[in-house]
Amino acid sequence: MRRNLLAWLVLLALALGVVVAGCQAPFGPKPTATAMPPAATASPTQPKTETIAILHTNDMHGYVEPELIRVGEKSFESGGAANIAGHIEAFRKEYKGKVLVLDGGDTWQGTFVSNKSRGAAVTEMMNISGYDAQALGNHDFDWGQEVLKERAAQAKFPFLAANVVEESSGKVFSGAKPYIVKSVGSVKVAVLGLGYPGTSAISKAANVKGLKFLPGPETAAQYIPALRKEADLVVVLSHLGLGDDEKLAASVEGIDVIVGGHSHTEIRNTKRVGNTLIVQAGSKAKFLGRLELVYDKEARKITRYTTSDELLSVVSGKIAPDAQVAALVTKYVKDAQAIMDRPLGETLVDLEQGYAGEFPLGNLIVDAMRSVDAGYGKVADVAMHNNAGVRSSIPKGPITYGQLYKVLPFDNVLTAMDLTGAQIGIILEKAVAGRPGNMLVSGMTYTFDQSQPEGARIKVALVGGQPLDPKRVYRVMTIDYLAGGGDGQVEFKNGSNLTYGDPTVDVVAEYIQRHSPVSPKIEGRIVGR
Amino acid sequence: MSEKVKVWVDGKEDTFFLGLRVRHAIGYQAVKAVEQGRARVQDADGNGVDLDGALYDGERLFVVYSKRRPGPVNASS
Ligand SMILES: [Zn+2]
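If you read the sequences in order, they're chains F and L.
Position one of the first sequence corresponds to residue 1 (the numbering used here), numbered consecutively onward.
Position one of the second sequence corresponds to residue 1 (the numbering used here), numbered consecutively onward.
I should point out that these hints are in silico values taken from the structure, not numbers from a laboratory.
Hints should not be assumed to be uniformly reliable.
Think about it this way: if two alpha-carbon atoms lie no more than 25 angstroms apart in a straight line, the pair counts; the simulated SDA-like pairs of lysine to any residue are [to be verified]: (1) F:Lys-430 / L:Lys-12; (2) F:Lys-188 / F:Pro-225; (3) L:Lys-4 / F:Val-490; (4) L:Lys-4 / F:Gln-423; (5) F:Lys-204 / F:Val-172; (6) F:Lys-471 / L:Lys-4; (7) F:Lys-406 / L:Glu-35; (8) F:Lys-430 / L:Gly-27; (9) F:Lys-182 / F:Arg-118.
Non-contacting residues of chain L with respect to chain F, defined by C-beta distances greater than 10 angstroms in every case (computed) [said to hold, decoys possible]: (10) Arg-21; (11) Val-22; (12) Asp-50; (13) Phe-62; (14) Lys-67.
A virtual CB, placed ideally from N, CA and C, is assigned to each residue, including glycine.
Using the sequences plus the hints, can you model the full thing?
In structure tokens:
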């Protein structure tokens, strides 16, 4: 989510390749176009054709700031909103304005720069770039529906989500439209938007309250016959993910192009399923997709399209970054620094990182995790976080958000699930199989003996002071990393009724603000030998 | 919608909760290798996939390690 310092190395390496490519042509390699069979009556030289381009991004996740890449004495920028804007502008000129600029959603959430303004920074920059539409991704609901509607009011382009409907009326969510029809040159293009159908299952319940996220194919099948009559081309702007985009193309007739998102897939060679072309431009504003289409107005079909090199690495150099957007990025980056410096409160004790077993900072983290709603309007019975995920210490005194972010740098989100006592027992056994206690707990205690054979090392486990009941179902608050089986804790993958919450670091930050000054202690939650 | 998705990582079938990402499927060591530029993640068509890409049912992921150390990711692939 937020930029990892290690990623710099990757980008440096990436840049070396990009410099070479950038020297060959301003936009990278010229795309290969191929005829769309059957095209018996059409040829690209006939005058009755119109050439247009769909320019597209997706899953920008707030990455408006470019990476500075140094190669020897020289440096250049990779990614970022100003370079995207510069490239869009260049293509607009190349195609004489006959472009459609689309974004596949998950646009705002993910960097301090964007989060600080709750996405307003990104929308402002997309306005300057002249986007025509944006699909609504699951993360676009992360700050709730009111913030989303504020973004909709700010945007000079519509948000599209035909399958996101209000439960009460069945009408499309009021922060979005189902589709647009736009003339691109002499070609009338319909763009139907589809949000992620699983959004309710993977978002905080409060953020999607009163909304239904319908399956993509069902919704597309309702709209497409009419759109086909109204427009020359039908584009679906989708946040379904590549797998479901392929299923959509295979199951619903009449879609010319799917511009996708959600799976963060870098589709360099345009994918074709039946008569539908599928494109997606990776993520985090590193690429701009450019799908050139030659439309035959007599035959009423696409006769040629970009087949390879559909994605362009967005780097500064021959195409200058947009100066207006670059100035905005500079301003917002400066504002974002305030997030790191934000005081949260004070600790009366040193909060040291602990490699194994119980330690005060660890207790503070799991207590914070167990203080928030675990999915049924109640807190969890138990909270669990791996020791290995706590990465820094905070000295006695004032605490800033930046210090806490170093403690919890992985951008994990709270994840609650049902586990039986037997499953919790398996997790605890795994936690003492290596280091002496790699599982911080709140709401429970456990004792262990590492001299015993594997599987028999947990001696006593109590939840709320009562013995852990193997058959009872407990609500457990943990993090997405462990829910995915991280640290070898695969039993979490067998949990049920999973719900997601806020980023762990933000939950702990709020807890510190509410309880400052804090002075967590060792309380005998984990006792072992 | 199913609460879980079936994904193959380097040919091995695994199951994950809906909403989890590529970084959760490939394991901590592979994530580190990708972040350090020693590896990249690809799908069945050879497309690059970001660590924060949402997993989808039927997805086939491959962690491809670079031969060079420290290995840059190939910009053209
Ligand atoms: Zn998404």
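Going through the hints against the structure:
Simply put, F:Lys-430 and L:Lys-12 have alpha-carbon atoms about 22 angstroms apart, close enough for the 25 angstroms limit, and the pair holds. Distance check on the hinted pair: F:Lys-188 and F:Pro-225 sit about 15 angstroms apart at the alpha-carbon level, within 25 angstroms; holds. Our distance criterion of 25 angstroms between C-alpha atoms is met by L:Lys-4 and F:Val-490, whose separation comes to about 14 angstroms. For the suggested pair L:Lys-4 and F:Gln-423, the alpha carbons sit about 18 angstroms apart, so the restraint of at most 25 angstroms is met.
Taken as a hint, the F:Lys-204 and F:Val-172 pair is honoured in the structure, with Cα atoms around 20 angstroms apart against an allowance of 25 angstroms. As the CA atoms of F:Lys-471 and L:Lys-4 are separated by approximately 23 angstroms, the hinted pair is consistent with the 25 angstroms bound. Between F:Lys-406 and L:Glu-35 the alpha-carbon distance is near 17 angstroms, which keeps this suggested pair within the 25 angstroms criterion. Distance check on the hinted pair: F:Lys-430 and L:Gly-27 sit about 17 angstroms apart at the alpha-carbon level, within 25 angstroms; holds.
Pair hint F:Lys-182 plus F:Arg-118 does not hold up; C-alpha atoms about 29 angstroms apart against a cutoff of 25 angstroms. A beta-carbon of chain F comes within 10 angstroms of the beta-carbon of L:Arg-21; the shortest separation is about 8 angstroms. The Cβ of L:Val-22 does not lie farther than 10 angstroms from every Cβ of chain F; its closest approach is about 7 angstroms, which violates its non-interface assignment. Distance to chain F contradicts L:Asp-50 as a non-interface residue, since its nearest Cβ pair spans about 4 angstroms, not more than 10 angstroms.
The claim that L:Phe-62 is not at the interface with chain F holds, since no C-beta of that chain comes within 10 angstroms of its own (minimum 13 angstroms). Remark: the non-interface label on L:Lys-67 is consistent with the geometry, its nearest Cβ contact in chain F lying 13 angstroms away (cut-off 10 angstroms).
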